[in-house]
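Model the full structure from these sequences, guided by the hints.
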Amino acid sequence: MHRLGLAARTMISTNPTAGTEEILVHGVAAVCDPLGGLYLPETGMLVVSDLHLEKGAAFARRGMMLPPYDTIATLNILAAVIARYDPKVVVSLGDNFHDRRGSEFLPENLRSMITDMARGRDWIWINGNHDPDGTTDLPGISSDELIYGGLTFRHEPSLISSKGEIAGHLHPAATVRRREKSVRRPCFASDGHRLLMPAFGVLTGGLDLRHRAMQGLFRQETLVAHLLGRDRIYSVRYGSLMG
Amino acid sequence: MDLVETKPSGIQAATLPTPFLKWFAEKGWQPRAHQLELLGRAQSGENMLLIAPTGAGKTLAGFLPSLTDLVHRGKIPPGSAFTGIHTLYISPLKALTVDIERNLMKPVTEMGLEVTVENRTGDTPQSKRQRQKLNPPDILLTTPEQVALLLANKEATRFFKDLKYVVLDELHSLVTSKRGHLLSLGLARLRKHAPEMQTIGLSATVADPMDLQRWLVPQGENPSPPAGLVHVTGGAAPDITILGTDSRIPWSGHVSTYAIPEVYEEIRRHKTTLIFVNTRFQAELLFQTLWTLNEDNLPIALHHGSLDASQRRKVEAAMADNKLRAVVATSTLDMGIDWGDIDLVVHVGAPKGASRLAQRIGRANHRMDEPSKAILVPANRFEVMECQAALDANYLGAQDTPPVGEGALDVLAQHVLGMACAEPFDPLELYHEITSASPYADLSWEMFERIVDFVATGGYALRTYERYAKIRRQEDGRWRVSNPQIAQQYRMNLGTIVEAAELNVRLVRRNAKGTLGRGGMTLGKVEEYFLEQLVQGDTFLFAGKVLRFEGIRENVCLVSNAHSLDPKIPAYAGGKFPLTTYLADQVRAMLADPDRRTTLPDQVRDWLSIQLERSMLPKQDELLIETFPRGKRFFMIAYCFEGRLAHQTLGMLLTRRLERAGARPLGFVATDYSLAIWGLNDIGAMIDAGRISLSDLFDEDMLGDDLEAWLDESYMLKRTFRNCAVISGLIERRHPGREKTGRQVTVSTDLIYDVLRSHEPDHVLLEATRRDAASGLLDIGRLGDMLARIKGHITHRDLDRVSPLAVPIMLEIGKEQVPGEAQDAVLAEAAEELIAEAGL
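If you're matching them up, the sequences are chains A and B in order. Position 227 of the first sequence, counted from 1, bears residue number 227 in the numbering used here, the numbering being contiguous throughout. Position 585 of the second sequence, counted from 1, bears residue number 828 in the numbering used here, the numbering being contiguous throughout.
No wet-lab data here; the hints were simulated from the structure. These numbers were taken from a predicted model, which means no experiment stands behind them. Do not rely on the hints blindly, as some may be mistaken.
[What the hints assert, rightly or not] FRET-style restraints, in silico, Cβ to Cβ: (1) Glu1072/B / Arg219/A: 24 to 30 Å; (2) Gln779/B / Glu221/A: 17 to 23 Å; (3) Arg62/A / Glu1072/B: 39 to 45 Å; (4) Asp685/B / Leu110/A: 36 to 42 Å; (5) Leu110/A / Asp828/B: 56 to 62 Å; (6) Thr326/B / Pro132/A: 53 to 59 Å; (7) Pro1004/B / Ala79/A: 20 to 26 Å; (8) Thr222/A / Gln369/B: 52 to 58 Å; (9) Ala480/B / Arg62/A: 56 to 62 Å; (10) Arg100/A / Gln373/B: 36 to 42 Å; (11) Thr222/A / Gln779/B: 18 to 24 Å; (12) Thr43/A / Glu1072/B: 32 to 38 Å.
Glycine is no exception: its CB is placed at the ideal position from the N, C-alpha and C atoms.
Below you can see the structure in the form of structure tokens.
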């Protein structure tokens, strides 16, 4: 999958406008980056979601010895997107670690990678369902929710209000079908009121926008999927996904 | 025709105990010579292999040594010390163990023998399995997976200590698969528990019996003499014809719809017809079409591996009771189950292998002295030649079963964990035990150590998982499982048959309000990737019905009955066999030899003679390359006849080379017979001008760097990797106490593959994947043989238009999936529409 290709690339372009797509969420300008981060120029904030760090280790704790390289790969992409925007604030929107013990048992070299990235900026860990207790021995603060710059940031999308909500949790992905060929990619999903973030971690799967867990979250008429392509964002209206 | 038997000198045929002689006499039968020979030689201590056609009394022959021994032993008096099982019978099919129990109990009861016979499969209730451990039967009928389970148990020593005979049925089909590898390791462990035990293999005819004779006995440092061979040949020659048709035989495709009316006529004319096809896709379509013609309402049923087990059992039972007139089946019905009175086998689509054809035809008429009747229905013109070749081969008794092959490493990893679950193991002892199994005879100590390390902590260079190790080394140097949960996980995930991620398909009804009902019958399983492409309302053909896709709820795919005329059809992953090397040779020989072509139908002969006028027909060892323009593209066709898999690999490699040579290739498509590549530049002119050298293009060195470079990005390897990851225990199929929810909680093996490739390309599991792919999906061995064969024998014809021989493959173009690189192009197209819509 292309996200790992990204992690392995020695040079990722630091040009913030390359292949991005600028949209409005609840009237606030937001830049969807093909690396999977959302940048809010007005507040200088970078949002990433569902990093699922230490997923390999979480599985190993249950007897499945997945490769122990996922965290470093995810952090490499995160470092690249941070270098691209040099944000004032980084918000990690929950499921930052794959399980509760993830940040506690994080190897030292990876811990210092995060410390280096957080230097000179604010860092906010939003708690997710995988890691509801916050983080251990890492820079930044933990919180269940953040309201800032006209937007609300939380891990799980709320069913009650959608105005100006940025959420993660569901790992949205969209399938595009043209002439009997179909391609599926993680995506940002927004109807202009709410935005769902793609999962950022390299070992995360995706849930199709057509899945019933997504139902009721968006106004379908204005819903657009911004798919993560190799070097750019591809924006496709929900109703046109299937051709 | 009489039985021809090999009579080894100096071996006395055995005499049967009185109850057996009486039983034979009452039936008015004679014990057959091969049955007595096998008995006599087994009694004198030999391991044995019996090769015989169906209907030769193979099963009884296999059990005679243990039955006579049990008669001599007599009944175990109540209150005696624990006695383990005496005989283990292992078959590849659950259904076969049930069938054999019935067939074996009959003579046992009629002779009044004090012998207990039971079966044990995945379907056996837990209580019965427990009871079997405490009070084992004399003869246990079971499957390779159950043997592995029993061996991984702490009670294994006690359970197997009295084992005298292991009878292995359908050995030819077992040994070439990963199940066979697992079983060979199990056999090695059984010998440790019961050093005196003897093996008896039962097999259909194979290309190289010595492979099996060695497989049955310990190999390694001190190999035992190969098992003795009793080879029964002959039986009545089958009566095989190719379906005569007035319809036009299609140029390409695999479904033979043109011939279905004639097939239906044959069903009407016969008592019971068994219709074999190569894929589930063909089975579904054929079944559906037959029923549209079925004005007589004949009972015609469908049987394939994706159908729900209870539905399959129903079909099998109806078949055994002679209640059906026809069954459409895939390879799930290949093996030796007794299917009542079948008087006709129809094979739709080319059989792809001469031995497979012989096996399937053997299903008709289970008495070996009467000829079986079979009709072949080729799906396209190349298949006509292939059918003719297979037909010649069956008369000649030619064999093209695959070789046994080197033991798979993922299976080894599974076995090592199983052995640690049984009892702590000493690594050197286990290594010697493993190398006594013939597929693993060449396993190096270094590789063994890497596998043990993999089982313990994943075998990564970055050693961060020590604290989570599944097996640990004790102070005495032996390895044990870390905790009982690991053993439980092993038991839940054992086995070597990995199915693609599948969802149950459930038939529901819409109620008056238009909402979907809850209940409904489960029809079977469909691969997840197929369903992902569907939107609500799409229709597809499954379980013989046209179904409407309603959605996915939890882990179930909900469908309702539809009456669409144009269903999409499940594209199943498995079931397409590539053409065997032997048949490919025969087809090439037929093309080269005008005399052999006279046996072909007129339509096919005409086609070939036009080809001869417009271009040429290649000689048997020659590779014909044709180039021609069509539309705005330039085409190159290579007629290799090496099977689809080898052609796909060749296509990938040639496209890379043509790219470098400046031919600007755009794509390729592969069939069993040929490979077509097309591009923007005139490849033919480039060859004629000497800018592309065909001998360089087809040089064997493509299997070096080009292959490595391609493997780096091959999506085909991912599928192989998935199997290896599951079998080796890296990924679990089931985890104790954890249910899947609607949200995706499992981890994708594609992602793990990418992580490993970019961070630890030498990892042992990637090595296992490459080995599997080389012999399996990529067929690199066969490609290498071909490249060597055609060296200096490449002939190029630059044509001004498409040749007759090229028509079939040209019709395949456009039916292929999107390869990785082209994916972004599809996305860009969709995004352009949005831009256009916005008026930009």
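Taking the beta carbons of Arg100/A and Gln373/B, is their distance inside 36 to 42 Å? Given range 36 to 42 Å: holds, Cβ gap about 38 Å.
Taking 56 to 62 Å as the stated bounds, is the beta-carbon spacing between Leu110/A and Asp828/B within them? 57 Å, holds
Outcome for the supplied range 20 to 26 Å, where the beta carbon pair is Pro1004/B and Ala79/A: 23 Å Cβ-Cβ, so the 20 to 26 Å window holds.
Between the beta carbons of Thr222/A and Gln369/B, is the distance compatible with 52 to 58 Å? 55 Å, holds
So the hint says 17 to 23 Å: do the beta-carbon atoms of Gln779/B and Glu221/A match that? Between Gln779/B and Glu221/A, where Cβ atoms are some 18 Å apart, the hint holds.
When you take the CB atoms of Thr222/A and Gln779/B, is the distance between them in 18 to 24 Å? For Gln779/B against Thr222/A, whose Cβ atoms are near 21 Å apart, the range 18 to 24 Å holds.
Is the distance from the Cβ of Ala480/B to the Cβ of Arg62/A consistent with 56 to 62 Å? 59 Å Cβ-Cβ, so the 56 to 62 Å window holds.
Could you tell me whether the CB distance from Glu1072/B to Arg219/A stays inside 24 to 30 Å? 26 Å, holds
So the hint says 32 to 38 Å: do the beta-carbon atoms of Thr43/A and Glu1072/B match that? 35 Å, holds
Pairwise beta carbon distance, Arg62/A to Glu1072/B, judged against the given window 39 to 45 Å: This hint holds: roughly 42 Å between Cβ atoms.
Okay, Thr326/B versus Pro132/A on CB: inside 53 to 59 Å? At roughly 57 Å between Cβ atoms, Pro132/A and Thr326/B fall inside 53 to 59 Å, so the hint holds.
Outcome of range test on Cβ distance (Asp685/B, Leu110/A; 36 to 42 Å): At roughly 41 Å between Cβ atoms, Leu110/A and Asp685/B fall inside 36 to 42 Å, so the hint holds.
Consistency note: the structure conflicts with none of the earlier hints.
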